[in-house]
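Peer 1: Here is how the chains run, residue by residue.
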Amino acid sequence: MSLRVLRPGLLTTVQDRGRHGLQHLGIVPCGAMDGVAHTLANAMVGNAPGEATLEITVLGPELEFERETLIALCGAEFDARADGRALPANRPVLVEAGTRLAVRRALRGARAYLALAGGIALDEVLGSRSTYLPARFGGLEGRALRAGDALPLAQDAARISAERYARLARGATVRDGLRTVRWSAPSLTLPDREPIVVHAMEGRHFGRFQPTSQRVLFDAVWRVSPDSNRMGYRLAGPTLTLAEAGEILSEPTCLGTVQVPADGVPIALLADHQTTGGYPKIAEIAVADVPRLAQLAPGGTLHIARCSLEDALGLRREAGRRLQAALRAVSWEYGR
Amino acid sequence: MSEKVPKPLGVLPLGDAAAYVEFSDSLDLVVNDAVQRLAAAVHARALPWIRDVVPALGGLALHFDIEHEALPEAPLQAAALLVDECLKQGLPDTAAVGRALEVPVCYDPELALDLEELAARLKLAPEEVARRHAAAEYRVLMMGFSPGLPYLGGLDPSLAVPRRATPRATVPAGSVAIANMQAVVYPYAIPGGWTIVGRTPLTVFDAQRAPPSLFAPGDRVRFRPVARAEFERLREAERSAS
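Residue numbers (my numbering), protein chains in the order written: chain A, 1 to 336; chain B, 1 to 242.
Don't read these hints as lab results, they were simulated from the structure. Warning: the hint list may mix true and false statements.
[To be verified] Here are the computed distance ranges between Cβ atoms for each label pair:
1) H303/A to R239/B: 50 to 56 Å
2) P172/B to A305/A: 42 to 48 Å
3) E117/B to R7/A: 43 to 49 Å
[To be verified] Counterexamples of contact, computed for chain B against chain A with all Cβ distances above 12 Å:
4) K7
5) A18
6) R45
7) R51
8) P55
9) P75
10) L76
11) T94
12) A96
13) L122
14) A134
15) E137
16) A160
17) T166
18) R235
19) E236
Keep in mind the model is a prediction, meaning the values are calculated, not measured. Beta carbons are placed, not taken as given, at the ideal position from N, Cα and C, and that holds for glycine.
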């Protein structure tokens, strides 16, 4: 069975937890920009964390369900309607065959993840279903969804959906005609108010920047530029300059690396980041804060707070504990 | 064990989920050889909490699987210890790291988009530029920028030219190009600012193929000049194989 795409939205791609172990061949990790929301969405519909979801960006798609399907929309808050009725977010919803789901504008945050019980039945490419747009592979033909696409779902998705929803009987309810549950998962990555605070360590080349650049990195309010994408966010603000101009030998980069090209506008590298880069690295964003950064839409603002490696590891442990607690609660609702 | 192997300068944090083993901040083929050998040694240990071992020009990155149960409490220190152990045990020989690849290249000016311009700049015949380009033995120093794109060291110094002032919006797949002291092969059509001296008929990157990448770090590469007719024949053979 399949999911019909009536309207693709701004940028809707198939993503999972990424393509790992191949960076030595220049192969980019990809994966959900907000891995926390992706994992929660999968858990809501009873999927393993490795199943693919649809990453919906700022302006969502309109989709038609061929059969009854258990779905969950997690992450950014969208104006989403199932046959005109407001779709409850952050919880499982069993939509009927023929339902049209219209995901309109993001109200808060930039990216939501639509999980479908049984997952998306596309072949893995190099160990992942994540779409890598620049080299056009993974996901659905290596591209964003288009109107007219039929996204393949698990063959027995309708049966899986009904069985899983039956297991949620304890909390089941009907809201505005939609079969859902009385509970919801917490939003762990949505910005409360801007500028959001993102923690970062000094990068390898921090000391090469002018003292004023070193200072303003942590003082300024940065704005996500319109020319930002899944590869990275360009951060508009004060121009950052090296104390002495010079070439840097290309070296490996990672998720959260903040590099500064010659124009002085820093770029925070995200899911589709290149595996190596030749620009000086002024900072490294704590991995725990990357999903929250990824929820900023262009125009969103952030403050970069200096932290140590120990702080970053602490943030990661804390984020891990919060996610695990949320996942345990969902497991309990599924009677596990 | 009398050979002098360059030692890393340090094991530094690369964010909180990776380490960078720094050898040098300038390009040196002897140093890169040590980087490749250490990468092979670390890779061979197949530690479950190290997800990626990425050799680069002057050092290597170790990316951690931060969700793996075997991830040590202090991964950076554990990574430093691991590097020490590998060095103490002795690194694999250069010959055991990477493969020997022969890559056909056609230097026909229709494919070698910048060959004539480069030859004029160097005051050499295009055939001589091609000859010098194909005479060298290259090594894949690093893969990066795009999936399957090798940075090759070993270019004849007489061919070293800076990058072009204006990059091309699209460089055809398989283009073999040079800049400074390196060569690259474009895995698919992407923008690029290097000087194009030839084109290989081989498919450089195909995500659906195993292995997806023609090149891997540490490979020793020779370019074999082929005439246009053989280029077309090999290209056709590659197409029908995929």
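Peer 1: Hints first: check each against the structure and report whether it holds.
Peer 2: Hint check:
1. H303/A to R239/B: 50 to 56 Å: Given range 50 to 56 Å: holds, Cβ gap about 53 Å.
2. P172/B to A305/A: 42 to 48 Å: Given a distance of about 46 Å, which is inside 42 to 48 Å, the answer is holds.
3. E117/B to R7/A: 43 to 49 Å: holds, 48 Å
4. K7: The claim holds: K7/B sits with its nearest Cβ about 18 Å from chain A, beyond 12 Å.
5. A18: The claim breaks: A18/B does not keep its Cβ more than 12 Å from every Cβ of chain A (closest is about 5 Å).
6. R45: Label holds. Min Cβ-Cβ 14 Å, cutoff 12 Å.
7. R51: The claim breaks: R51/B does not keep its Cβ more than 12 Å from every Cβ of chain A (closest is about 5 Å).
8. P55: violated, 6 Å
9. P75: violated, 8 Å
10. L76: violated, 7 Å
11. T94: holds, 17 Å
12. A96: holds, 17 Å
13. L122: With a cut-off of 12 Å, L122/B remains clear of chain A, as the shortest Cβ separation is near 23 Å.
14. A134: Fine: 24 Å to the nearest Cβ keeps A134/B off the interface.
15. E137: Per Cβ check, E137/B is outside 12 Å of chain A; nearest 21 Å; holds.
16. A160: holds, 14 Å
17. T166: holds, 15 Å
18. R235: holds, 20 Å
19. E236: For E236/B, whose nearest Cβ neighbour in chain A is about 23 Å away, the distance exceeds 12 Å, so it holds.
When each numbered hint is compared with the structure, violations occur for hints 5, 7, 8, 9, 10.
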